[in-house]
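Chains A and B, in that order, are what the protein sequence lines are. Count the first sequence with numbering that gives the first Met the number 0 and you get residues 0 to 195, in order. Count the second sequence with numbering that gives the first Met the number 0 and you get residues 0 to 206, in order.
Read the hints as simulated data drawn from the structure, not as lab findings. As the structure is a computational prediction, the values presented were derived from the model and not from experiment. All C-beta atoms, glycine included, are put in the ideal place defined by N, C-alpha and C. Every clue listed holds true.
Covered stretches of chain A (chain B as the covering partner; in silico rule of three or more C-beta atoms under 8 Å from a C-beta of chain B): (1) 136-142; (2) 147-153.
No farther apart than 20 Å at their CA atoms in a straight line, the calculated lysine to aspartate or glutamate pairs in the EDC-like style are these: (3) Lys148(B) / Asp123(A); (4) Lys81(B) / Glu67(B); (5) Lys52(A) / Glu185(A); (6) Lys122(B) / Glu140(A); (7) Lys148(B) / Asp49(A); (8) Lys196(B) / Asp74(B); (9) Lys81(B) / Glu197(B); (10) Lys52(A) / Glu182(A); (11) Lys148(B) / Asp171(B); (12) Lys148(B) / Glu174(A); (13) Lys148(B) / Asp125(A); (14) Lys196(B) / Glu87(B); (15) Lys81(B) / Asp63(B); (16) Lys148(B) / Glu130(B); (17) Lys122(B) / Asp63(B).
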Amino acid sequence: MIRLFSLAGALAALVVWLGLLQSDGESAGASDSGSPAVASLRATWAFRPDSLKELADNAPLAVTATVAGVEPGEPLIASEDVGEPDEPSIPTQRIVFDVEEILYGSAPAQLVLLKTGSADTWIDDDPPYQVGERYLLLLTESTSQPGLYVPPAPDGRMLVVDGVVQPLIAGPIAETLGGRTEEGAENTITQVSPPQ
Amino acid sequence: MTGSPTRRSSSVLGALAVLVVSLTAGAASSGAHPCCGGSSQWLHQHRLQYKTILNTIDTSRLRDAASEARQAWRDRTILGLKLVTTHENARIHGRDGNYGNVPWVGLAETCFHCGHRDFFLNKYYNQTDSEWKGTSCQEMGHIIGLDHKPGDCMGKGYFSDYSNHVGSTSVDHIRTYYRNPPDGSATHIQLGTSSDKESDAWDLLSG
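Start from the sequences and build out the full structure, keeping to the hints where you can.
Below you can see the structure in the form of structure tokens.
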């Protein structure tokens, strides 16, 4: 009889624990079910160009390039907050490109692009790069990681598939270059290139 | 009413076992919400009270702008965004820093059923106070479940029709979606028992 009551007590404790598991949605860093949650990133872009000319004026370099490698990068941490125990870091990737053609500006034969996000978590309009993909890129140098490059706006990244330009974000640049042949888009970009 | 003590104990045990199985199944399924066909547009988190911590934003004008955005979401929607000053149980964490020309000015983490999420303001970029409010407004909007859309702060950087404020469409979406998840599943947010938005138990039914 005592054993039965002990068993009932244990079961009751289990019930209480499971009830707490269901109601506790505020456990830091986890989903309500207690399992790791899959996160995504949403961005407010600092700059969205109204024209290709405006994009080019903010991008000292334009190239066509192929993705040669994708590597984890140094996480972004607020420079003045280094050492704060609870300061979350933002993942980044280093995208290695073989440069095929320089449309304007100067670039090394292989350049590295700094990208916010990881293989698992990325900004919706800036999905992961895949090795072998070809891109039209309008770039500027990274201020936080010298030697690396970033597009000044998400519009500076344009996928090229079977010789056709496929912008990844809607807007004036996509309207101007989307669906164009690679050669046609390159000519248009060269025409609006800033003075070197 | 006249069963033996052993039989009554067995019945109690049986009922408890059924309850355990039921709760276990519920706990397991709560992490696999089918809402919205995988779209990130709706990312509700089972609560109307999103405790918010903003004193982790070091720069006063950015903190003030984020505070205005928090107040706008709190005052215009059915959600409570109670301002707290400690990390304990905060569901929205504001951050700022110089992250360089990355090139985002605001960034929000979103996910289904998360305990808490951070948003980041990148002070590498210069913005007016109003623009910082708009950026904060959009990042908080993402955390409480909204996608980019024209008409208010959720369109900033995506549509020519945008503002730095909380618009009526966002207010309507929050009211509708929190009561009726867009995938048709039953409302399963946790209801509170208070009509006070500053209460931990802020109640949907009074919203």
